[in-house]
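Engineer: Please build the complete structure, drawing on both the sequences and the hints.
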Amino acid sequence: MNFEVQLGRTIFPNPVLAASGTFGFGLDFPRVANAIGGIVTKAITVEPRAGNPPPRIYEFPGGIINSVGLENPGLKRFRAEILPRLARLKSRLIVNIAGFSIEEFGLLAESLSSERVDGFEVNVSCPNVAEGGALFGQDPKMVERVTRVVRQQTDKTVIVKLTANFIDPVETAKAALAGGADAVTLINTLFGLALQKDGTPFLGGRTGGISGPAIKHFALFCVDRVARAVAIPVIGCGGIMNGQDALDFISAGARLVQVGTASLRNPYAPLEVWCELRLLCRKNRFKNWADVIGRTGRSS
Amino acid sequence: MKQLTATVTDVQRLTKDIFSIWLNAAELAQTAKPGQFVNIRVGEGEELLLRRPVSIADVFGQKVRLIFRIVGKGTAWLSQVPKGCGLDLLGPLGRPVRIPKGRDILVCGGGVGAAPLLFLTRRLARQNRVYVVLGAKSRKEMILVREFKRLRVKGYIATNDGSLGWKGTASELAELVANELNRPIVYACGPRPMLQDIVARLPGHEIWGFAEERMGCGTGICHCCALARKDGGYIRLCRDGPVVLLNGVRL
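Chains as they are written, first to last, in numbering that gives the first Met the number 0: chain V, 0 to 299; chain Z, 0 to 250.
Derived from the structure by calculation, the hints contain no laboratory data. Just to be clear, a hint being listed does not mean it is correct.
[Stated by the list, open to error] Keeping only pairs whose Cα atoms sit at most 20 Å apart, straight-line, the calculated EDC-like set for lysine to aspartate or glutamate is: (1) V:Lys75 x V:Asp117; (2) Z:Lys229 x Z:Asp239; (3) Z:Lys72 x Z:Asp16; (4) Z:Lys1 x V:Glu271; (5) Z:Lys1 x V:Asp27; (6) Z:Lys139 x Z:Asp16.
Note that this is a predicted model, so its numbers are computed, not measured.
Structural biologist: Dropping the structure here:
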């Protein structure tokens, strides 16, 4: 069976990607990176960011809450130091970009449209920064404007990573489509607050983003809802720990999936999910991959 | 770093809440260096998502010793693992301690903090003059005294209640010992207040400490275990540590 997926000009050899922020820049586990559909880098901002004070992670049964705060070396150093090293990876490379203004998104897309980069994941949904860009994701008009600016700056694949925090992702997915996006990623982490026994916030950044199996079924709900309502390819993300989880998202209408939190437990997780997904396809005797994608929506 | 399954060959309870387990793990035993740790999968299913980082307390032949204190569900699970079971772990992780030559060395451990210092002291003692200070709240909570004695290093013991050795804290005793030594390099492991106290008491010394912070992946990809550098920004404890020059960080 052929698992290739095309988004924009990028052909992904298989549908399993490593999610942004949970796989670094892909340099640490090249064997995994090269075997999966592609990697999405940690978010890059124009200026370097130190990130939030610790603790940055909280664990609860079935999930985690993180508050890293977009720590990254910034555009200049990413271009000078990291991008050249990424040349030795064979995998499809999607760079996650996070701007604090519309202009910054444009600048990031323009400056990073190098040969090595296959596409961008426009991050309008990080829950861990107070300012600007993260709130864009809650406003369909801003999503459309940001997407359009990025689209104007690059002929690479443009993916918009959407949030489901306080906004119907159908609205923002429509906006991304109108702005010229090739796909949307659903969903980014959900807002979360963890407390210490004395009532003070546990995380150094005060609040964080919830991920892991705990959010899987809400993410599935969003993927199903958007896939049925908007004519834009969806990348499913949220609590995918194994092949069956990945298959669930594909069934709900996702063309590709991203493995995130699972990589914290096991950096080989994206590869394992891909292997398990292939085995499941054999076991289920699927004849045609296209028939599997979105079968949930066609069943009712 | 590798993902491997190591068989538990022995489990011992050292104190009320400190446990020691020996693993059969030939490759890990050969490659692990003092200062490094393993990240252990705990629990069944998806309830506990993150691995638990445990520093390597000792290595003997093909065996690796881990010592940990029960602080929550994950470590409680780990303490219940029966002999003969396989543990899923990633390791060795972290940056090894650079072993100096021909120096006076002061090693200071508080509570369960004595654990990784055992492995370190074993390696340090080969080519340095090593002095060890171990501290605990009371005699009942003191661990590894016999093991350190076998290393034939000079040892000093402090307990907060005076039930064993000198009455006082490990850092107080460490200060007294350090003053008798020639520009010692200090290696410390213990609760954060102990590390802070040592830094305050021994200005001008090169002090390496086993730092702790909530960890996500242990492999450097998630950037969660941030420790603030004095000159701004953060280091990743799992990758740039866990042993760090305390003089350069904000604890």
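Engineer: Decide, hint by hint, whether the structure agrees.
Structural biologist: Hint-by-hint comparison with the structure:
1. V:Lys75 x V:Asp117: OK: lysine 75 (chain V) and aspartate 117 (chain V) at ~19 Å, within 20 Å.
2. Z:Lys229 x Z:Asp239: Between lysine 229 (chain Z) and aspartate 239 (chain Z) the Cα gap is close to 15 Å, so the pair holds against 20 Å.
3. Z:Lys72 x Z:Asp16: holds, 13 Å
4. Z:Lys1 x V:Glu271: holds, 15 Å
5. Z:Lys1 x V:Asp27: Since the Cα atoms of lysine 1 (chain Z) and aspartate 27 (chain V) sit roughly 12 Å apart, the hinted pair holds (cutoff 20 Å).
6. Z:Lys139 x Z:Asp16: Roughly 11 Å separates the two Cα atoms, so the pair holds.
The structure is consistent with each of the numbered hints, conforming to all of them.
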